[in-house]
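Kindly generate the complete structure, drawing on both the sequences and the hints.
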Amino acid sequence: MTRMKAGLSGLALAAGMAALAAPVLAQSQADMITPIDKELTFVFIPKVIHPWYDVVAEGSHFAAAELEKRGVKVNVIWDQPPQADVVDQNQRIEANIGRRPDGLSVACLDQATNVQMLKEAKAAGINTFTFNSFCSGEFPFVGQKDSYQDGYDLGAKLVEVLNGEGEVGILSGSLTATDHVERILGFKDAIKDHPGIKVVFEQPDNDVLEEAVALTENAMLAHPNIKGFFGSNASNPIGAARAVKNAGKSGEIAIVGMDDLPEAVDFVCDGTITALKAQRQWDIGYWSVIYMVAANEGHTFPMDHNTGSRFITKDDCK
Amino acid sequence: MGDKMNTSRASLFSLQRFWRWEASGILVALVALALLLSIATDNFMSSYNISAVARQAAFVGLVALGQTLVLMVGGIDLSVGAAAGLSAIVGSIALTQWGIHPWLIVPFTMGFGLLIGAINGAFVAGLRLNPFIVTLATWEIFAGLTLVITGGYPIRPLGEAFGVFGKGEIFGVPVPVVIFLVAGAILIWVLGQTRFGRNIFALGGNRDAAVLAGIRVRWVEFAAFALAGMFAALAGILYASRMDAGQPSVGEGWLMGAITAAILGGTSLRGGQGSIVGTILGALLLAVLANGTVLLNVSGFWQRVIVGAVVLVAVLVDLLRRRSN
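Protein sequence lines correspond, in order, to chains A and B. FYI, UniProt numbering numbers position 166 of the first sequence as 166, with every residue one higher than the one before it. FYI, UniProt numbering numbers position 142 of the second sequence as 142, with every residue one higher than the one before it.
Quick caveat, the hints were computed from the structure, so don't treat them as lab data. All values derive from a computational prediction rather than experimental measurement. One or more hints might be untrue.
As the list claims (entries may be wrong) - Which stretches of chain B does chain A cover? Using the computed rule of at least three CB atoms under 8 Å from a CB of chain A, they are:
#1 145-158
#2 240-250
#3 292-305
Just so you know, even glycine gets a beta-carbon here, dropped at the ideal spot from N, CA and C.
Okay, here's the thing in structure tokens:
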């Protein structure tokens, strides 16, 4: 009887082990990939219509064309708010949730409110990504994450160019844009150990080029000894450069700022702008599309792809 | 034969009455646009989308209700967007730092809005200053104070208990939409059934005649501006509840939407004429238009052109209607 019990227990154990092992044997990792059998629709919502995003869009369309050769059709839609308005951008996110795209990627204009809408998109089953400006670790992000470091690097560059002496001005962009605010923090931290560098001017240009021109002109009038400007976004180094060049002070006043819009690069090459910190926008668009396809296919993808940034100086004009 | 003629006469009469109504053009436009979008897109009529459109209309619509009152008395309030932002921030601080109960935050914020609206009212009605200039100045002051208080950072989180005002639903209808419709119904009653309502029309229609008729015009004008502040504050705090954050830049884009909704709804910029139903429909039309341009993949470059064109068409239709009447 005891032997029979032992035999039955052995059989039960063997059956249990076989049952556990069966799914493992049947499952290949390739089975975890879902083939794409329809055209995928991806929506990008930037902060605002801006030439900076044109390069991101180029990268996204290039990725779509490349994927089409592989047999994966992707329709990339850019839903661009005409103005940098938080309410407008959130309305667009909401409207696009209703559209039920296969992927949604948002450049957060406002961390707090955007996250709420992005959570709703995720809850609706949409593959929800973020790009350009980081807002939450809950969503995969593609872009330059460390805005503080960009500001710090540009601050260190200005200190180096001015030999640690001189009055400087800050064009602070939009006071509610987290990346602008972080860059200014980084810039101030970089110059704080150099008492010879004195911030005599700090004004928001609201990411409007004309305002940046006017503010720089005012700053030069109010502080005739001003030696440098820091621009916290893509528009204001151009605005500062236009004002400085119009005043005939190219090369006398150093300008450092963000991004590599064509006009900004021209100003670098003619010596009006000293240095730019350029993000890799094309890569941001390209990888965002690739990752959204990966999400639809069931592949793994990184939660954080830091595309970084690099200095652009006159040396790059050769 | 006689019956048929009577029926057709009655139909013609109804049609004429409809055409005389300030908001007839906007209602036709709204129905036509909704039909077009439901045919042209797959998702317009989905319950999620309808709910989203109604909620979007509610926020700007609440601001527009206050703006309508101000326009009716012959004024204009450029500060409503900034008032919404400042009120939302003060309400968010009251909730997160002063420990005011979540259920009291909405009335508290409306009270604050009433107060800052009263500042406009005091300058315009009390000192007889130009409302355009006064509210241009207070717009800057309110927007600036918002940044001074917050340093540009949002105030969050506001908590789940408070979220019910912006995210909750009553029988499937979003709470902000219910509040918007109730506010609209109250204003319809006030304008149609109370002496204050009649005085608003009288003041906007002919100020001198209103003075001669013994109407306390300054009080009426003051109250209209104060109420505009209150409605803006209500919109601001409901939006904060919806987003779980008091956001400094909220309301920046609401000024144009509020004025446009009121004008689309038949409110005259010269005062003395307007319709709350029209403003509600105007806000709905703007929300449907914004939603439609997204769903139809209209380029962001064209969206403002389209909104401007719709306003021009609505104004032209209004002109035709008034001339034919």
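Verification of the supplied hints:
1. For the region 145-158 of chain B, the assignment as covered by chain A holds, since 6 residues bring a beta-carbon within under 8 Å of that chain's beta-carbons and 3 suffice.
2. Note: the region 240-250 of chain B has 8 residues with beta-carbon separation from chain A under 8 Å; the three-residue rule is met and the coverage holds.
3. With 8 residues bearing a CB less than 8 Å from a CB of chain A, the region 292-305 of chain B meets the requirement of three and the coverage assertion stands.
Against the hints set out earlier in the document, no violation occurs for any number.
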